[in-house]
Every structure is written in structure tokens, then in C-alpha cells.
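As given, the protein sequences belong to chains A and B, one line each in that order. Under my numbering, the letters of the first sequence match residues 595 to 684, in that order. Under my numbering, the letters of the second sequence match residues 21 to 257, in that order.
Hints are computed from structural coordinates only; laboratory data are not their basis. Heads up, a few of these hints could be off.
Stated by the list, open to error - Computed beta-carbon distance windows for the label pairs:
no., chain 1, residue 1, chain 2, residue 2, range
1, B, Ser226, A, Gly671, 25 to 33 angstroms
2, A, Val666, B, Ile81, 52 to 60 angstroms
3, B, Asp184, A, Asn648, 38 to 46 angstroms
For every residue, glycine included, the Cβ atom is placed at its ideal position computed from N, Cα and C.
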Amino acid sequence: MSDAQVKGTTRTKVAGQSKTQNQVRVLYGVHSLEADLAGRTVADVRQALRQALNISPQAVAVVDGREVEEGVILLAGQQLEFVRLAGEKG
Amino acid sequence: MPGRIDIKLIGIGGIGCALAPFLARYLQSERQLTGEEVRITLVDGDAFESKNAARQSFESIGNKAKVKASELALGFPDLSFRAIPEFVTAANLSDLVKAGDLVFLAVDNHATRRAVSRRCEELSEVVLISGGNDFTDGNVQIYVRQGDRDITLPLTRFHPEIADPKDKSPAEMSCEELAADAAPQLLFTNLGVACAMLNAFYAWRSGRLRYGEVYVDIVEGRAQPVARAPRDGENDL
């Protein structure tokens, strides 16, 4: 699947829109979205959202609270978080 | 019998200055209701300089921990304040952070975050609330240990930039490095992160803490809490 096709599936869900059976929730910092991403790999999603969300290459991928490799295939109902780097200053 | 709470506030910069008076005001009013004894220890080896005045409030020039502790003692006479005018180092860390402490960590470098988080991992009971920011966004991490077990995750877990920091703690810096201009910061972001740290403190204190990290972005106008619980068996590693 091309990047453009993956991007096309990652629009933020509009209120009232019905969920499909392939929904995965993606988090990065304050951003979150739900999209039909079941069956895609973590690497697919990172690549598709990298520019739109400015995801750091260092950001660890976490699925349902567990750190995962980039090749992991996402399942419906899972939550994928790319852990945004901590703020450094204070 | 009223209890006692021992709070350490490490780092009295933009976030620490914003957090301290509201924390003290809340705890003083609680003390009047419950009689709980409160001791707040402020820790910072840095001195306030006029160039910091855009984001930091001190009534006089001098060591930040000493000046702020004196100010707070005048404003909140029911609480006990102590100043430690030192940066966190390997040598003083075990004296600074002890079992049973509630630590607010508001420093400006990941090296100190790693050191304090590692120290907390050694303790049976501790709450560590750490905040940091970039220009218009930031995050707060809450690391809770109870009964020798992690309730939430240490600061280093999922954060390689803290686990393997590229920066130095101020105690390791030369005078030239300390004097160099740091990345610009925004007062409102410091305020947003300080507020998120206090919110986390209140949620923990009232037994309703449901997250281990929260992201804040003042331009987006959003905060996003995220759970950070150990997985099965992770406490046994």
C-alpha cells in the first residue's frame, strides 16, 4: 500500500461517523486520531504520519502499553502511540 | 493523628517558580483543615539573574532555592521550608530524595531527570512528578512506586532521550557552558506545564490518578493524558 493510500485512511474521525471494524487509535503528543489501520504495520503508519505530525525518528512505538518493533501488524481496536520526546527545558 | 508530607521541589526556574506558590497555597489551606505537617525543600544550585526575569519571579538576586524559600516562608507561615543551594549530583542524590518523598522535578536537562528517576527506582515508596517543555509544548511524567513496585513507569521507559541523554546536568557544566544562551522559552508554556504537574499531584493525592504522562500544547489548546502502567511481569525484571 502506498503512503498516499495510508494517509487517506488516517483522517480524524468526525463526530457521529460510524466506526468500522478496522479502527486503530493513534496517539502522538496531544494529537490523536482513529482510522482504518488494522493490517498495516507500525512502520506504515509512522511513514504516513511522519510529516503531518512531525513524528521524531527517535519516538518509540507503543501498542497497548507495550513497546513494539516497526514490523508489527496492527489489529483492530488497538492503540498505537508514538511516544513524543519529553520537553527538555524548565 | 495528622500525617506529614515531605515535598522536594528540584529546579526553581520557569516551571518551578510558577508551581511553588500555588503548591504552597494549596498545602497551607489543607493544613488548616487537616493539621497535616508539610515540609517543602527547594533544591537548586543556580543563582537568579536579571536576564531570567521574563519568566521567573524572585524578589532579590541570589541563589534561587534560598531566595524562593525565604519568600514562601513569609507568605505561608504554617508550612516549613528548607533550601538546598546545590545542583543534583551523584554525591548528594541519596540525601536529596528519600523513601516517602513527593518530588516535583522541574529541571532543564534530561541528565538530571535520568538521575532522579533512577534514584526513585531504588526506593520502596515515592512519587515523582517531572515536567519539561520546549517553546510552546511540553509534558509531565508521573512515576509512582508503592510497596517496592512500580505503579507507573520510570521517566526513562519509552523515553530514550532521557535514558541516554545528550545533555549534561548543570553540575557537570563548565562556567562557559552555564553562561551560554539556552534555547528560548515562553512563560505561558512554563505555566501550562506547572499547572499540569499540580493537576497530577491533586489527582494522585485524591486517589484518582489515571495516567502516567500528559502532553500539553498551548497553541493547540490541548492536553492529552496517556496511561503508563507496567505490563505483567515488568515489576519482576
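These are the hints, each one checked on the structure:
no., hint, result
1, B:Ser226 / A:Gly671: 25 to 33 angstroms, "31 angstroms, holds"
2, A:Val666 / B:Ile81: 52 to 60 angstroms, "54 angstroms, holds"
3, B:Asp184 / A:Asn648: 38 to 46 angstroms, "22 angstroms, violated"
The earlier numbered hint that this structure contradicts is number 3, and it is the only one.
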